[in-house]
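From first to last, the protein sequence lines stand for chains A and B.
When we follow this note's numbering, the leftmost residue of the first sequence carries the number 1, and every step to the right adds one.
When we follow this note's numbering, the leftmost residue of the second sequence carries the number 1001, and every step to the right adds one.
Keep in mind the hints are simulated off the structure, nothing from the lab.
Heads up, none of these hints are tricks.
Short, incomplete list of chain A residues facing chain B, as computed with Cβ under 7 Å:
(1) S53
(2) F57
(3) R58
(4) I59
(5) S63
(6) W64
(7) E97
(8) L100
These numbers come from a predicted model, not from an experiment.
Beta carbons are placed, not taken as given, at the ideal position from N, Cα and C, and that holds for glycine.
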Amino acid sequence: MDQLNSADLPGAYQAAAGTGTTISVHAGFPNPAAERQGAPLSLDKLLIRHPSSTYFFRIRGHSWHDYGVFDGDLAIIDRALSPRGRDLVVWWEESGEFRLSPLDGADRAHVWGAITAIIHSYGAQNEARRK
Amino acid sequence: MPTVYALIDCNNFFVSCERLFRPELEGRPVVVLSSNDGCAVSRSQEAKDLGIPMGAPHFQYRQLFADQGVVACSANFELYGDISERITNLLASITPNIEVYSVDESFLDLGQLDLTDYTAWGRMVRHHILQQVGVPVSVGVAGSKTLAKAANDRAKKLPALGGVLDLSGSGEAADDYLAGMPVTDIWGVGRQLAPRLRAEGVHSALDLKRMNYHRAQQLMGIHGRHLVYELNGTACLPLARDHKPQVMISRGRQFGEDTRELYVIESAVAALAARAAASLRREHQLARQATVYLQTNRHKPGYQRTQQTVRFYTPTADTGRITGQLIEALMNETNLSRDWHRADVLLHDFVPEAGLQTDLLGTVDLPLDDRSRRKLQALDAINARHGKGTVKFAAENLSQAWQPRRRLVSPRYTSAWEELPEVHLLP
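Please construct the entire structure, taking both the sequences and the accompanying hints into account.
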């Protein structure tokens, strides 16, 4: 990694420079999109189609490892969508406890919203959020 | 095309926000308590049916709550603010002609929308907000804001209407609904006007609608004339879309426990002044005066209230200057040896930052010197980025004892990664 003065970097890298985050900058092959002046890619835009109806839940439990869903993962729910069949939904029991299952296995009168994505992040940050 | 307004109003909004993440509270009596767990500020229908009035002090109703299984929540304003913003954004996507009247009420001007069936439209809006955001609203539609508000009131109180009432049609249809509505429930008829109206034989909203507008004006001024016009479906009050600059800014809190400790009082005043001054800077205003109030517990004997006002010869929005002068005035001028219950800081007598007037000699004494201004901008920016209170003036931290008790507060479900609602996988 080349040692650069942070002031030479684009904004996002400058912001990271002071935080101790490591960003590797590879010099050599030119970026073919360097001329493009479009907006930067946004995970928010990719994952959140309807901000007003999108909520986040934290997943608790270890029984879905086989499906790649882990304790502490982040579930994104969009209440504007109409789930069907095998679509994953959050629903609630009479006790108020929230459950995750395909719509087919849920209490249809108690569906809270449809899952659009489950995010699993690696590393210490995620570890800290697990109880 | 005639003007048509809709009022979209959330049903017991704070309670509905709590229920969104605690669905087991549906159908049960729930109240949300004001800061410091003082009194009921939002009540579910079930709680209203138990006879719990708005503003009911928690300590007086504790037994009833226990006996009837009433669930009490401390106010979670971060959550309510987030849900309110979602609703506003949804409504603003319908039409840009929107007036956000309060945290749970918005007026929409439907004139441009080319709608024919307002009831069907109202049902659609109600369904969308319930489905997508997750809280119930009522919709009132009419030719004026006052009548739209009355329609909303009826839609909320008469279950048969399904939460939507359109009174935009020709006058007569509205009369049955207005006949069943006490005149005091009309927007803009306060406690002061009610006795004067009663003396005139005006008891229901319909009586007021039918009142001679000359007489209404004699009795209540131009406001009275407008009330009568508005109830007849003629709009006098336009949509107030433009943000009006505030004329005063006030921040207040109860102490966690009554106190006479100087350092507790000082730190509370400093924190309140800091919040008020930050708000002032956002408005690009400067204050010429600030007042601090202290009061003892109203419910205990020997209730006492004291205040000190300071004047700034050059208007200011500087937290340090405001705090320093207020505390100095309190210490020098007031006998503090009482157990104080509540502190308030009020900033008033504003001038815009841009249009600062010179003094008599024509010199401008800059309210914030350049270094002070940059320091405050940095402080506001850091607090905006990392949460209120990240960076504070030293005096704010003397004591945390004044922080309100919020024992029953729910998590910040939508605004803190550590407090998200949890969904449990079955083993």
